[in-house]
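Protein chains: 2
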Amino acid sequence: MRVVFQGERGAFSEEACHKFLGKNIELAPCASFEEAFRRLERGEADRGVLPMENSLAGSVHDNFDLLLRHHMVILAETQVRIVHNLLVPPGVTFAKIRRVFSHPVALNQCRAFFRRHPKIAPVQFYDTAGSVKMLMEQRPEDAAAIAPAAAGGIYGAKILMRGLEDDKANFTRFFLLARTRRGWKAERAVKTSIVFTTPNKPGALFKCLAVLALRDINLVKIESHPLHGKPWEYLFYVDFMGRPTDERCRNALRHLGELTDMLRVLGSYEVVK
Amino acid sequence: MRVVFQGERGAFSEEACHKFLGKNIELAPCASFEEAFRRLERGEADRGVLPMENSLAGSVHDNFDLLLRHHMVILAETQVRIVHNLLVPPGVTFAKIRRVFSHPVALNQCRAFFRRHPKIAPVQFYDTAGSVKMLMEQRPEDAAAIAPAAAGGIYGAKILMRGLEDDKANFTRFFLLARTRRGWKAERAVKTSIVFTTPNKPGALFKCLAVLALRDINLVKIESHPLHGKPWEYLFYVDFMGRPTDERCRNALRHLGELTDMLRVLGSYEVVK
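As they're listed, the protein sequences go chains A and B. The first sequence begins at 96 in our numbering and counts up one residue at a time. The second sequence begins at 96 in our numbering and counts up one residue at a time.
These aren't lab readings, by the way, just hints derived from the structure by calculation. Model, not experiment: these values are computed from the prediction. There may be inaccurate statements among the hints.
No copy labels: a pair is met if it fits in one copy or bridges any two.
What the hints assert, rightly or not - Pairs of lysine to aspartate or glutamate residues, derived as EDC-like cross-links and limited to a Cα-Cα distance of at most 16 Å, are as follows: (1) LYS325 x ASP262; (2) LYS214 x ASP160; (3) LYS296 x GLU353; (4) LYS263 x GLU236; (5) LYS286 x GLU365; (6) LYS296 x ASP334; (7) LYS191 x ASP356; (8) LYS316 x GLU328; (9) LYS302 x ASP261.
Kindly generate the complete structure, drawing on both the sequences and the hints.
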């Protein structure tokens, strides 16, 4: 089984791949989220693993937009605890470090570290694990990376410090995607993600939420994204507990169809602990 | 009147400053949103102008978080049409350009330009106008910047192309902030921004929206932001039309207070066209 994910080997997405599918998989790193979607769509991979939301930084809007553009099946979701570590090429000591490379979101989640060490400057890089890879190739003597521990083993870097993140309640939620429903089990799906737009009228969103609330369906997330081409109008992404084969949910979705301009069920999926 | 804003002279925020306050103001550029808030709070400036939302990229979450942490008065909102231009130091011709510097959001809004010119690479920089300033100082022969037209006049750069943005329906919404209510006029305030958290129970958000909908109060925006420390729980930011001096709105806010764990009125303000 070949699995596409965004980032370099050792990224947090790789940990999510193993959590979903075990160790016996072929990992296919991609430069961008879009490339991961495209390769999965073309059949160059069997599964895709994409980060959808971080409990501190919020949703990965790009991936929600890509889900809407590409017709994929969501098989499962899981969450990975984000632990940021300080990695260096062998030989670099803490006293020498003046620059720390990482993804902007990771740097932003380790502010206390940079406050405690004012001589060390954060430097934005395209990827967490990718910054370890770059340091191991270029071997600067004054630089470290903030990255997952797994990147240490993969590139031969040393872990100098663990748990640099300011807030330990730091989790990222991933989706396991496939091109077809093969392998998808209706009875395991417990959560459903939908997206819709409403007519631009007072009370329109309220009516949509009433459809769920009046049927005691538990809405667990709602988020608005800008609707391109229509300033200050929004797409609503909603997650609720339930599967479309339940009569309540089926009725709610039919009812939502009456109230929305556009409605798409992105998927119903199992939750992997 | 001294006005703080984030970015370099010539930034889109500067255009918003003039739209709110006319030409006769003293501009005080700040390196970060946080610095702008801090300087305004300390009394080092009379007004602050901060971008809150872009019609394509979505909300500027950092500024909503800062509004919640600092107690500021929102006097007004306005919107600025975002036009991206290609600027170069005098002497640089289009044929020579291989790199274009700008803020990541601006680069991302000019994808068609980079597709049409595959020899030109986008390079991320901390600010749109700041990249013009940097080019005028360093004078590389192969580089341009994507920035507001105003940055050309300020730094002496030449505008080679106008309107590079993919989507012309590109607006940014700004708030005009002050430390005190002096200058705030209740009768002009037509829009109110609030933020709240709900108990983690099914239907909690639905009830909050009912408070507005059942009083025919027009909700114009709702957005969820991650609640730090509580993974997968959210702060809800809501904008509605109305002012707290209206009885309907006053009642709705009192009613919301009964249903929410935390409720804050960020401000009621006028809308400057």
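Verification of the supplied hints:
no.	hint	verdict
1	LYS325 x ASP262	between (37 Å within a copy, 10 Å between copies)
2	LYS214 x ASP160	neither (40 Å within a copy, 28 Å between copies)
3	LYS296 x GLU353	within (15 Å within a copy, 27 Å between copies)
4	LYS263 x GLU236	neither (30 Å within a copy, 47 Å between copies)
5	LYS286 x GLU365	within (7 Å within a copy, 42 Å between copies)
6	LYS296 x ASP334	between (23 Å within a copy, 15 Å between copies)
7	LYS191 x ASP356	neither (59 Å within a copy, 48 Å between copies)
8	LYS316 x GLU328	between (19 Å within a copy, 8 Å between copies)
9	LYS302 x ASP261	neither (40 Å within a copy, 34 Å between copies)
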